[in-house]
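Residues 17 to 779 in my numbering are what the sequence shown spells out, letter by letter.
Warning: the hint list may mix true and false statements.
Claimed, not checked - FRET-style restraints, in silico, Cβ to Cβ:
| id | residue 1 | residue 2 | range |
| --- | --- | --- | --- |
| 1 | Leu-433 | Leu-633 | 37 to 45 Å |
| 2 | Ala-491 | Phe-347 | 30 to 38 Å |
| 3 | Trp-617 | Met-394 | 50 to 58 Å |
| 4 | Leu-545 | Leu-241 | 32 to 40 Å |
| 5 | Thr-692 | Val-144 | 28 to 36 Å |
| 6 | His-326 | Gln-121 | 23 to 31 Å |
| 7 | Val-144 | Asp-178 | 18 to 26 Å |
To be verified - The calculated lysine-lysine pairs, modelled on DSS-like cross-linking and capped at a C-alpha distance of 25 Å, are:
| id | residue 1 | residue 2 |
| --- | --- | --- |
| 8 | Lys-140 | Lys-381 |
| 9 | Lys-140 | Lys-192 |
| 10 | Lys-555 | Lys-140 |
Hints are computed from structural coordinates only; laboratory data are not their basis.
The beta carbon of each residue, even a glycine, is placed where N, CA and C say it ideally should be.
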Amino acid sequence: MPDHRKWLRRPLAVPLFSSPSASDAPQPSILPPCRICLMACRHCGSIGQHQSALWQPFTTQQEANMKVTMRRSLPAALVLIAVFGIAAQAQVITATIRGKVVDQQGGVLPGATVTARQLETNVKKSVVTTELGQFYLPSLPAGRYELTVTLSGFLPLQRTLDLTVGMDIALDLTLKVGGPETAVTVTGEALVLETTKTVVGETINREQVDNLPTVNRDFTSLALLAPGVTSGVGGNGPSLSFNAQRGYQNGVFVDGASNIWQYYGRQASTFSQDWIQEFQVMTNSFSAEFGSASGGILNVITRSGSNDFHGRAYGFFRRKAWDSPPFAGYFRNDNINDPVFLTSDEVPDYTQRRWGGYIGGPLVKNRIFFFAGYEDLMRESTDTLAIADYWKAKGYKAVVPVKNTDHPVMVKGDVNLTTNHSLSLRWDRTINKNINEGGPYNVEESRDTFGGPVWNFVANLTSTLSNTSFNEFRAYYMSNMPPIICNASGTGGMANLALGPPGTFAQIRYPTLRLGCPIFTGTEGEQNLVILDHYSFIKGRHQVKFGGQLHRPTMNIDIANFHDGYWRFSQDLQFDRNNPASYPFRFTGNVGPGAFKIPVWNYGLFVQDTWRILDNLTLNLGLRYDVDRSVTAGNQYVERKNASVVAKFGGNPPLQKTNVDYNNVAPRFGFVWSPTADRRTTIRGAVGMFFDQNHTNFNAIYIINTLLSDGLITINCNLPTSNPFWDPNNQAAGRAACQAWLAASFPYFPDLTKAPAATQGLD
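Input sequences plus hints: build the corresponding full structure.
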């Protein structure tokens, strides 16, 4: 077989202005992690860049980048299940510093003040060490920090740390005897390992987000840098597959709020890559705090303002004339050195324009900060379609080029209410107008059953209640109500079609002609309301965190089932507008609910204990419990125009429910052990149980929970079961009455109220 080469189109990118930065792309492992893993690993790179694999042998620090990945045997894994468990991640969207303060002889120092100051905002957070000399600083926004430890009679200690999203580090800090006039600043020290958790994955930092190229500026494609992550497959949009799991089994959190469209199991909102600060890719062993995902987790944080103003403007432009000729798919004389390229006339029209920018800074220095971004995307294309001479002769001219547009916008504010309370607010909105949802040709006709953009609102309140207790409250609301687009009618290229009335767009399969809307599956709008609260405290060597959430997704379902209907012909008919007998006698359409709502109540509880049983050994014990309620009917509608036909042909069946599953108990256990005094080596083990969420894709659910699986689908004047005018004593009259009835509405949906059947249904 010849080694076929690939020729890629290259878009023209024109950055308007931006701040320069550099980053080296990480080299991901080629082996995916498993649900039960043993790791003895050497962390390398900067703090927060967790390099992970299924198993890694002990290495020296100089050999950190030369990891050997091996698979462990099943007996070894079973031993781990019986003995050890999964480690926890202390916070969702923030970082945590925990540790112990001792003197030069190793004695614990209670009463020492530990302060973390974020250098970008000058915001400080302080706690006092316990009787065991321990301290706990959760809910620290990602960024660069100066850590200071002070105690009367000892020299102050200062240390600089880079914290990333989800990071959890444990530090043993030693104070020297001396006066406060001199401080000890630690510089040039060895890299710090995360010795309290075993989550498998990768952190994609700001430099990588800023500088690595992506397709269509989709930041989630950078998740492919993590081991075990591949592109998902399916017809419901782009997705990621973690360890060969399905794309809809993942969780995506943006600023702690779920960004999952529960109907499809993929992202709901569009975020510009330039608005993302960094994100964490968790492929395995995430803590009990994360639920409703059996695949992987994307834990994303957006950019925030700081004490310095910063911004960027950008533009990416692409036109057909700027692209290199695409490969035609074959070679002259089967010679791979002589590829054939399409000519400019053979290449479909394509234009893309993406521009936008953001700005962030202080409203009140050291206290109130803002960030705002906007992006505009226009993509115009034409599908390639071969038109036979027969249809050209009938007046079919061309496929109409259409525009797809996206207009995401985001506004974010961070407020330090007091030294112990901080508030973060984010609002984002995406106005999307994508044509040709499921249809064969790109011709626009918006039904706007739901109408409106996708928008989100997120509020996070973090509080330090005492030196040993902390709380995080979060609430968010998402409205995802996209317009329904159907190419049911339009005049582009079809005004002179000889087979039908003007202005009717046809789906053509010679010798079959179909006029109308080809959408069958319908669409879904969704609102999500989530309220959650997490409380954590430190007691002795235990750091305990527990909490729960209330999740109410409401699905607004439009079951199209050829909602506008379509007319089907099996031969080339010549129409006589004055003769109904020349019109078609078969119509297919949906006569069931036009739209209805499905409310669902979901609940989740968890508890996580990070037990530092020894200075070099941490056990993590987690337990999560989720309840996904079954789908129940809300306002189920049968359109009045369809009620008579539904009544005659047995529609509107009773709802059949499924039982609620109350046994989704997910234990998670783990250990982290540092066998050497220098803490340059760690051994980790983990095991846990994970449950996926119930998805609300109606096409699958209605098979079990029958909200609509009956009703008249096809009107066929020749069949007694599909002809509301059928008269067994006068079949010809019944066919003629049916055909005249259809002709009165052709080419539109027939007026079902004029069908001879009893009226029944709901308004």
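_28 to 36 Å was suggested as the range; check whether the CB atoms of Thr-692 and Val-144 agree with it._
About 31 Å separates the Cβ atoms of Thr-692 and Val-144, which means 28 to 36 Å holds.
*asked:* With the threshold set at 25 Å, check whether the alpha-carbon distance from Lys-140 to Lys-381 stays at or below it.
replied: holds (13 Å)
*Is Lys-140 within 25 Å of Lys-192, Cα to Cα?*
holds (24 Å)
*Val-144 and Asp-178, beta-carbon distance inside 18 to 26 Å?*
With a Cβ separation near 25 Å, Val-144 and Asp-178 satisfy 18 to 26 Å, so the hint holds.
*Between Ala-491 and Phe-347, does the C-beta distance stay in 30 to 38 Å?*
violated (60 Å)
*Can the suggested window of 37 to 45 Å be confirmed for the beta-carbon pair Leu-433 and Leu-633?*
holds (38 Å)
*Given a hinted range of 32 to 40 Å, is it respected by the beta-carbon distance of Leu-545 and Leu-241?*
holds (34 Å)
*If you check the beta carbons of His-326 and Gln-121, does the distance land in 23 to 31 Å?*
violated (46 Å)
_Trp-617 paired with Met-394, Cβ distance criterion 50 to 58 Å_ = For Met-394 against Trp-617, whose Cβ atoms are near 40 Å apart, the range 50 to 58 Å is violated.
*Within a Cα-Cα threshold of 25 Å, do Lys-555 and Lys-140 meet the stated pairing?*
Answer holds: Lys-555 to Lys-140 is near 23 Å, not above 25 Å.
Checked against the numbered hints listed earlier, the structure breaks hints 2, 3 and 6; every other hint is satisfied.
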